[in-house]
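Peer 1: Required output: the full structure, derived from the provided sequences and hints.
Take 1 as the starting number for the sequence shown in my numbering and just add one per residue.
None of these hints come from the bench; they were simulated from the model. Treat the hints with care, as some may be off.
Said to hold, decoys possible - Within a straight-line C-alpha distance of at most 16 Å, the following computed EDC-like cross-link-like pairs (lysine to aspartate or glutamate) qualify:
1) K231 with E245
2) K116 with E160
3) K231 with E243
4) K149 with E160
Stated by the list, open to error - Label-pair ranges, simulated between beta-carbon atoms:
5) S205 with T228: 32 to 40 Å
6) K129 with D235: 36 to 44 Å
7) S194 with L72: 17 to 25 Å
8) N21 with P53: 41 to 49 Å
Heads up, the beta-carbon is just placed ideally off N, CA and C, and yes, glycines get one too.
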Amino acid sequence: MKRLVVVLFFVAGVISGCAQNYFNVPAENFAENVRLLGIAPIFIDDDSDIIHPQKDLLLPIISDLNRRFEPLLARKLQSTGNFYGVTTLADDPRQLFSTLMSRREKRDDASIEYNKYFWKNDAIGSYIKNNHIDAVMVVVISGLTKNSKIYSSNLLTSLENNFNFLTMTAQILGSDGTVLWEYPNFRRQLLTYSPLVNLQYPDFSESEANLSRETAVRFKSPDGIRRTLEKKKIDLLFRETQEPEIYGKFFDDMTSLIKHSVEKKAPTVSTLEGKQPAPAVYQPQKAIEPVNSSPTTLEPAAPIADVPQSIPEPKSSSEIPDNTLTAPEEIVPAR
1 MKRLVVVLFF VAGVISGCAQ NYFNVPAENF AENVRLLGIA PIFIDDDSDI IHPQKDLLLP
61 IISDLNRRFE PLLARKLQST GNFYGVTTLA DDPRQLFSTL MSRREKRDDA SIEYNKYFWK
121 NDAIGSYIKN NHIDAVMVVV ISGLTKNSKI YSSNLLTSLE NNFNFLTMTA QILGSDGTVL
181 WEYPNFRRQL LTYSPLVNLQ YPDFSESEAN LSRETAVRFK SPDGIRRTLE KKKIDLLFRE
241 TQEPEIYGKF FDDMTSLIKH SVEKKAPTVS TLEGKQPAPA VYQPQKAIEP VNSSPTTLEP
301 AAPIADVPQS IPEPKSSSEI PDNTLTAPEE IVPAR
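Peer 2: Below you can see the structure in the form of structure tokens.
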């Protein structure tokens, strides 16, 4: 009997988890109002808690990686089927961030530490209107120092200390500045959130070599951080793919919290009026054959003449009128 009760609770938990709404608004409203989604350039908060001694070399590397992997996020969002179109927006990320961002708060919600961002409603509304979209997704990479426990490669040694990280947060904002969805997402049942990359590491090798009881904390090199973020994902057959492991993991986590089972209505002309972002997936349309409006009159067939016994010789090219040698008019397909 007890086992049956446990099973019933498990099934109820699974069902409620499948029906979870990860939006800050009813899922039906989100599906109806957000048809065209724009992705702002991935921002870097230079003024956040990034204490790397080579920060001036690190930030351009992160900015370059962001630009390279933005199309991957757009493709993953388009594949959810929740949007009519998803497009990346070409702007200078540093200037746009200073224009849109209002303030930042370091938060500790449900034992999850992260940087929460607030935006200027008027600036967000103008940005959405000027780009002819329904909502904009903003992704921010920022620095954060927090207490963590890091293990050595053999898992036999660990060090608990304050480490400096790069973190990634994201929000989808409506035209009035309303936060429609956010990441990390606190509407999920199991709250998980990990940093993008650790900027520091405990030097266990040095402490072991010197038989020291203290382990030094060092900063990773900018090139080492770049190689870590560029590392490719390995598939089930242990083959290297073209997708970056870390960025891909975060993008997958985000899209899993956006995809929902709400039935979407086909967009109407009034809904899409004045909004022409480039769809991520192009689907060619079938050409419409012209219809003859005038009725066709069927005439009786003429009698077939007797076939001549001998076939006359073909005329020479000099005897053929010039108009018969003209090439047929080229038919240009409609675009």
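Peer 1: Which numbered conditions among the earlier hints are violated in the structure presented, ordered from lowest to highest?
Peer 2: Of the numbered hints, 2 and 5 do not hold.
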